[in-house]
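Going line by line, the protein sequences match chains A and B.
Per my numbering: the first sequence = residues 1 to 627.
Per my numbering: the second sequence = residues 1 to 299.
Possibly wrong hints are sitting among the right ones.
[Claimed, not checked] Under 10 Å between C-beta atoms, here's a sample of chain B residues computed to sit facing chain A:
#, residue
1, P58
2, E161
3, E169
4, S170
5, V233
6, E236
7, S244
8, Q270
[To be verified] Derived Cβ-Cβ restraints for the label pairs, each shown as a range:
#, chain 1, residue 1, chain 2, residue 2, range
9, B, E262, A, L609, 54 to 62 Å
10, B, E161, A, F15, 30 to 38 Å
11, B, R269, A, L24, 35 to 43 Å
12, A, L24, B, E161, 43 to 51 Å
13, B, D155, A, L24, 56 to 64 Å
14, A, L614, B, A282, 49 to 57 Å
15, A, L614, B, K15, 47 to 55 Å
Don't read these hints as lab results, they were simulated from the structure.
For each residue, glycine too, the CB sits at the ideal point set by N, CA and C.
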Amino acid sequence: MNWGGFLNPMAGLWFLLVGPLVILYFLKLRRPQLEVPSLVLWRSVINDSRVNSPFQKFKRNLLLLLQLALLGCLVLAAMRPFWRGTADQAQYLPVLIDCSASMAALDKPGGQSRLDLAKQEVGRLIDNLLPGQRLALIAVANSARSLCDFSDNPRILRAALDKLTVQHAPSRLEDGLRMAQALALTNPVETVLFYTDGNLPTVVSFDLPFELSYQKLPSGGSNVGITAVNAQRNRDGWDVFVRVDSTRNSAHTTTVEFWNSGRLEASELVTVDGAGSQRVVFNVPDEGAASLEVRLKPDGFDSLSLDNQAFLDLPRQRNLRVYCPLSLATYRQAMPEQDALVLYPDDEGNGTAAEYDLVITDQGADLPLNARMALSIGVIPEDLKELLDTTTQVAEIVDWQRSSPLLQYVQLRDVQLGDEPRKLEGVEDKAFEMAGYEILAQGKRAPLVLHRARPTRDDYVFLFHTDRSTLVYRIGFPILVKNILEEARRLAGLSEARSQPTGVLEPRSVAPDSSFTVTAPDGSRTVHRSSAEGDLAGIAAPTIGRYLVDSGQGDPEVVGVSLQSVTETQLEGVDTLRVKEVRVSAATARLQTDRPLWHWLALLGFSLLLIEWLFFQKRPAGMRVAV
Amino acid sequence: MSPANARFTTLLENKVLSRLEKMRLNPLRRLTNRTRGEHQSGKGGTSTDFADYRDYVPGDDVKNVDWNIFARLERPYVKLYRHEEDLHVVLLLDSSASMKFEGKFDRARQLAAALGTMGLMNVERVSVYTCPARAEEPLFLPPCTGRVSRGRLFDFLERLEVKGDCPFESAIDGMLSRHRGRGLVILLSDFLTFGDLQKPFNMLFSAGLEVSAIQILGPTELNPELTGNLRFVDSESGQTLDVSNVGDLLSVYHAHRLALEEEVAMICRQRSGRFLSISSQAPLESVLFDLLRRKGWIR
C-alpha cells in the first residue's frame, strides 16, 4: 500500500547538514557556568544517573537533539511530503459543481443547503491543494459556467467558489462536461470531479474522454412543490391545471393558492403522499389577458422553497387569423364555420392582415407572409430545389408519422397522388435533415410531407398538390384541415398556455430590427435586439419571477418564469449515470485528496525552535552565575 | 557608642555572649586529662564530690575511712571522691573555599566562638585549628584556658579567612600532629570532601577525642533550584562538570545529600560521637539555645 510520498525528494540531500550540525554543536556548545562549593555530590549524582538511565546520554544533549529534530522537520518540509488520498493525483483537475435548484434543498429546518455541502467539499480540495496542482471550477445547472480557470491560487479559487449561488433551473450535465472537455484540449485532464446531489437525468449524451468521478452528496429533506402549470381553453375561458409533487415516502399537506393579477382567487388544501402527484384545477373566466400566480404554503418542513411559486400568463383571446387563397377552395370549405377564425381573403377576395397565425398556400409568392405557421401545398421551397423536383407521375404514400400533430387520425393509405416528388441524383434523405426538415410522410422516391420548426415559425410542406390527389375525397381531409387549425392555434397560444420554465424565454415574433429592454425579477436590465425576420430569442431567464419585455411602445409584455421540474422537486438522486456507453457510479465515500504535510512539518519545526529557544534562555535559579 | 554597650566581638552579640557564659559543654564521655581541672574524672579523685564506697584494704589512708559506716556496720569502708580534671576542647574549623558560600564560614566561626566561649568560661583548655591552604603553615590557636583567653579566641576567629583547598581529612591529620591530650573535638565543616572520612575519624577516636561534627550547608545546597544544561565549577579545585537537564537530577541529588549526612552521622555514632546538620541561614540563637540544648550538646 502506498501511504504517501515526496514531491521533491531531492531536497533530502539537505540531510547531509546533520554532520556539520553535530560538529558545530560540539565545537560551539557553551553552557552557563555555575560555581558550586564542591562537585562531590554532583559527581556522585552523575555517576548514579548514568548507571540508572541509559538515555541520560541523550538527555545531556537535548539541545543537539532539538536542533537535529528541527533540521529534520525543515528538510522533510522541503521534500514536500503528502499523504495519499483516495483520489488519483492529478495536476489539472476540473471540478464541476451542480448549482441547480435542488442544490438549495435543506436537510433540516435551518440546516445546510446541498450547495453549502458541495462548497465545503470543494473548499477542502482547495485547502489540500498540492504544489503543482491546479483546479478549475465549473458551475453546472441547465447550462455550464466557468467560475475559475485552472489555478493553483487558493485565494482566487476560494473567491470564485464563494460567488457560486444556486440557479433556479434543473441540471444538465452535458454542458459542464463539454466545458471540461474544452479545458482538456489545452491541459492534460485525466479526471473530472462532479459534486452534485444526484438530482439530474440518468442518461447523459456525451462521449467521455476522461474519467468522471461522481461525488454524490446526501439528499435534502422532504419537499413539496409545483411541477407544472398549464391552461386549456374551454368554452367560457380557461381551465388552469396545477400539478403538485413531493419527495417519495413523505406525505405533505399544503395549501395551493391561486392568484389572478394580484388577487387571491381561490385556495385549496392538498395532501400529497409521494406515491403520485396531485392535480388541482382552477377556472379562469375569459376576461382578456391575465397574469396568474400559484403559491404553495406547506404545513410542515419544506426543504426547497424555489418550487413553491409558479406563474402563468394567459393571452387575450382572439380569432385565429388564417390566410388561404381562393384557389385552395377545398381547404376553405373544409374549415368549420363555427371555429373562431378569420379567413383572409374573404370570399370576395378582399382583406389582408399584417400578421397571420396560419398561411395555407399553393403559391410560392405567399410564403414570405408573416405567419407563425405556414403550409405550402405543391410548392417546393427555394432551399429544397437543389434536392428534388416533381414529376407528373402517379405516386403513393408509403409511410407517414401517425403521431405528428398534423397527421393524427389521417389515413393516407391508398391515396393516389397526381404529382410525384423525386430526389435528384445522389441526394439522400439525410440532406433534408441537414436542411432542417423532418420527414413526416415518405413516398417511393422522395419525401412527400416535410416539417421545419423554427423558433418563431413552423413550416409544413406538402410536396404534392392535394387538389391533384384523391386525398380531398377522403374522410381524412377534413381531419387534416382540423389538425392544421389546431396546430396553428397551439402555436399561436390560443388553445393552451404553459408556464414558462426557467432557462431561456421562448422566442417571440416582434417587430424586426427593434430594441427591447428586458427587466429581470431582481431589477437588472438587459437590452436585446430582434432579428431582421422579427425573431426575439435568446433572452436568459435564470431566476424565478416575472420578466418585463419592453419595446418602448405601449405596455411591456409580462412573462412569468418558474422552476417546474419534477426531478428537482422530488429530490431523487441517481446512483448511476449512463454517459453514453459508460456507467458512472456515485462514490460511496467522500473523496480524500492527497494531503500535503509540509505545513505541519513547518509548524512542528517552528514549535521545536520555540522550545529550543526557551530551553536555551532558561537560566537556573537559586545560585549565582559565574562570570 | 558607650564602652558599656560596645560589642565584645563582631561574631556574637553581647546578649548572646552573656547567655553563653552560663552554659557549658556536655560531652558524652569523660575524656579528661591528668591535669587538674573542673571536669570530674571517671576515676576516683580528691574532690569534695562523693563518688562511692569500697572495702578498706591495708595500706589505705585511714583518713578516708567513713567512720559513721564503721560505727553502724563495724566494718571499715573507704569513701571514694571524684577526680576533677580539665577537658580539652578542640575546635576544627573548615576554612576551605567551599565554606565561603551563603554564610557557611561565618556561621562556623560564630559557632566556634560560642562553643569556645563555653569552654573557656568553664576553665577548659580550648584550641582552634583550621584548614590551611596547600603548602602553607597551618593556622591555629594553641590551647588556652580561662576567661582571660576569650579575647585571644575572638581575635583569632575574626581574623580567619576562607582560602585554600586543603581537604578536611588532611586538616584533621595536621591537627592531630600538634594536639596532645584527650578531650572533645568539634568539627565545623560542610563535609563535602572527596576523601575518606573513616580514617581521620578513627585517628580522632584513637587520640581520645570525642567527635562532635556539625555540618553546615547553604540553602541552595539543601534545596537547589536548577534547570537546564550547566557547567559546574568546583570552588576549591576549579574542576568542571557538565550536567545536562539538572532539573531532572535534583531528586537524585537530594538522595545523595541525605546519604552523605547519614554516612557522616554513622561514622560519628560508631565512634561514640555525635552529628548534626544545620543550614547556614538558620538563626544562631535558635541553633545554640534550642537545637544544641535539645540534642544535649550543651547544658
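message: Tell me the hint numbers this structure goes against, listed in increasing order.
response: The structure conflicts with hints 1, 2, 3, 4, 8, 9, 10, 11 and 14, although it agrees with all the remaining ones.
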